[in-house]
Amino acid sequence: MHHHNHHDHHAPPNNRRRLLAALLMTGGFMVVEAVGGWLAGSLALIADAAHMLTDTASLLLAWLAFRVTDRPADHKRTYGYHRFPVLAAFVNGLALLVIVGWIAFEAVGRLLEPTPVMGATMLAIAVVGLLVNVIAFFLLHGGSRDNLNMRGAAVHVLGDLLGSVGAIVAAGVILVSGWTPIDPILSLLVALLVLRSAWYVLREATHVLLEGTPPGVDPQEIERLLPSAVEGVIDVHHIHAWSLSGERPMMSLHARADGTVAHDTLVARIKAELQERFGVEHVTLQIEYGEGCVDDHDHGAGRGGGGVDEGPAKG
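66 is the number that this note's numbering gives to position 38 of the sequence shown; each next residue is one higher, with no gaps.
Worth flagging that the hints you see were computed from the coordinates, not collected in a lab. Fair warning: there could be bad hints in the mix.
To be verified - Okay, the calculated beta carbon distance ranges per label pair:
#, residue 1, residue 2, range
1, G55, E239, 26 to 34 Å
2, G129, P100, 35 to 43 Å
3, F166, W207, 31 to 39 Å
4, L139, G56, 28 to 36 Å
5, R231, G200, 31 to 39 Å
6, V60, L139, 20 to 28 Å
7, R45, G240, 31 to 39 Å
8, G206, V155, 15 to 23 Å
9, L48, E304, 33 to 41 Å
10, W130, A49, 29 to 37 Å
11, L190, S256, 42 to 50 Å
Claimed, not checked - Here are the computed lysine to any residue pairs in the SDA-like style, where the Cα-Cα straight-line distance is at most 25 Å:
#, residue 1, residue 2
12, K299, D246
13, K104, T234
14, K299, E251
15, K299, I262
16, K299, R111
17, K104, H235
18, K299, E249
19, K104, E275
20, K104, L92
21, K299, H265
22, K104, E309
23, K299, V289
24, K299, E259
25, K299, G260
26, K299, R284
27, K299, G287
Note that beta-carbon positions come from the ideal geometry of N, C-alpha and C, so glycine has one too.
Generate coordinates for the entire structure from the input sequences, incorporating the hints supplied.
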């Protein structure tokens, strides 16, 4: 018997509309800020545009995460398209590293040989950017507080808002004192924020793509917990945990039973324990009976494709 639980997390239409509106506003102004920074000679604006690129990408990935849950799995992609945003995030992270390197190179050159900056143009663009980010933040903040995509997107836009404030301060310094080195200095600070975001994105995406153990899931703890928490379980082994995306942990494992509890009851109890304590909703479970059933021939199986031994029962 094979039991597979699939739980799709559908987003309310209101959340999607808010997210799409914030995405279009942030992405649109990102282009304006990049062009304006180039025309004004402001590296700080270009760096802030790069920062907005990180958040535009985050908004896009959040929107894609909403969209892919609507696409059903098929015989070629039995898990659907939940890995697509992870792949996009990985590519985005690599691109951001290249952008950070270019900003740092340009900033050092401008510190050694200062270049003129159009302070008034820089100030005007930064002020408009602040307004755009304020509107985008309230759009997202007004969405579902329980949805991780919406909350994460709001945090990213808040970072953009602070970047715009920094650009306004730098433009004010240039207009008042004419001290243009503040522009590359600020661009380096913003580049560090972009670098932090890029590193976080790459680390998380790589972990998922390598089918690393999801946060909060400890196979050793599961080995200790289940025999004592679930009646009828002697031991568990061949535990494999991975995730399709950051919010969809999955697991496969073998459980050796003493036969005192009905098979279906035992499966239900084990799965309920894993969901309650570790938040794993999709579990592929094989129940084994008798001595000497633990072997090593499938050690390492059961990962991304969800395959495990076809035993007498799965949950």
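Against the structure, the hints:
Taken as a hint, the range 26 to 34 Å holds for the pair G55 and E239, whose Cβ atoms sit roughly 31 Å apart. At roughly 41 Å, the beta carbons of G129 and P100 sit within the given window of 35 to 43 Å. Remark: the range hint 31 to 39 Å for F166 to W207 is upheld by a beta-carbon distance near 34 Å. Distance hint check for L139 and G56: the Cβ-Cβ separation is about 31 Å, which falls inside the suggested range of 28 to 36 Å.
Restraint check, R231 to G200: a C-beta distance of roughly 36 Å satisfies the suggested window 31 to 39 Å. For V60 paired with L139, a C-beta distance near 26 Å keeps the hint of 20 to 28 Å intact. Between R45 and G240 the beta carbon distance is about 34 Å. The supplied range of 31 to 39 Å therefore holds. G206 and V155 have their C-beta atoms about 20 Å apart, which keeps the hinted 15 to 23 Å range intact.
For the pair L48 and E304, the supplied restraint of 33 to 41 Å holds, since their beta-carbon distance comes to about 35 Å. Between W130 and A49 the beta carbons are some 30 Å apart, a value that agrees with the proposed interval 29 to 37 Å. Look at L190 against S256: about 49 Å separates their beta carbons, and that is inside 42 to 50 Å. Taking the CA atoms of K299 and D246, the gap is about 15 Å. The hint holds against a cut of 25 Å.
For the suggested pair K104 and T234, the alpha carbons sit about 23 Å apart, so the restraint of at most 25 Å is met. For the hint pairing K299 with E251, the CA-to-CA distance comes to about 14 Å; that is within 25 Å, so the pair holds. Under the criterion of a C-alpha separation no larger than 25 Å, the hint pairing K299 with I262 is consistent with the structure, at around 16 Å. Taking the CA atoms of K299 and R111, the gap is about 24 Å. The hint holds against a cut of 25 Å.
A C-alpha spacing of about 24 Å is found between K104 and H235, which places the hinted pair at or below 25 Å, so the restraint holds. Pair hint K299 plus E249 holds up; C-alpha atoms about 15 Å apart against a cutoff of 25 Å. At roughly 22 Å between alpha-carbon atoms, K104 and E275 fall within 25 Å of each other, so this suggested pair holds. Of the pairs offered as hints, the one joining K104 and L92 holds, with about 20 Å between alpha carbons and a cut-off of 25 Å not exceeded.
This hinted pair checks out: K299 and H265 have alpha carbons roughly 15 Å apart, not beyond 25 Å. Taken as a hint, the K104 and E309 pair is honoured in the structure, with Cα atoms around 23 Å apart against an allowance of 25 Å. Only pairs whose Cα atoms come within 25 Å are accepted, and K299 paired with V289 is accepted, the gap being roughly 15 Å. Between K299 and E259, the direct Cα distance comes to roughly 13 Å. Compliance with the 25 Å bound is thereby established for this hinted pair.
Restraint check for K299 and G260: satisfied, since their Cα atoms lie roughly 14 Å apart, inside the 25 Å limit. Proposed proximity of K299 and R284 is supported: the alpha carbons are some 14 Å apart, at most 25 Å. For the proposed pair K299 and G287, the alpha carbon gap of about 17 Å is at most 25 Å, so the pair holds.
Hint violations for this structure: none, all hints satisfied.
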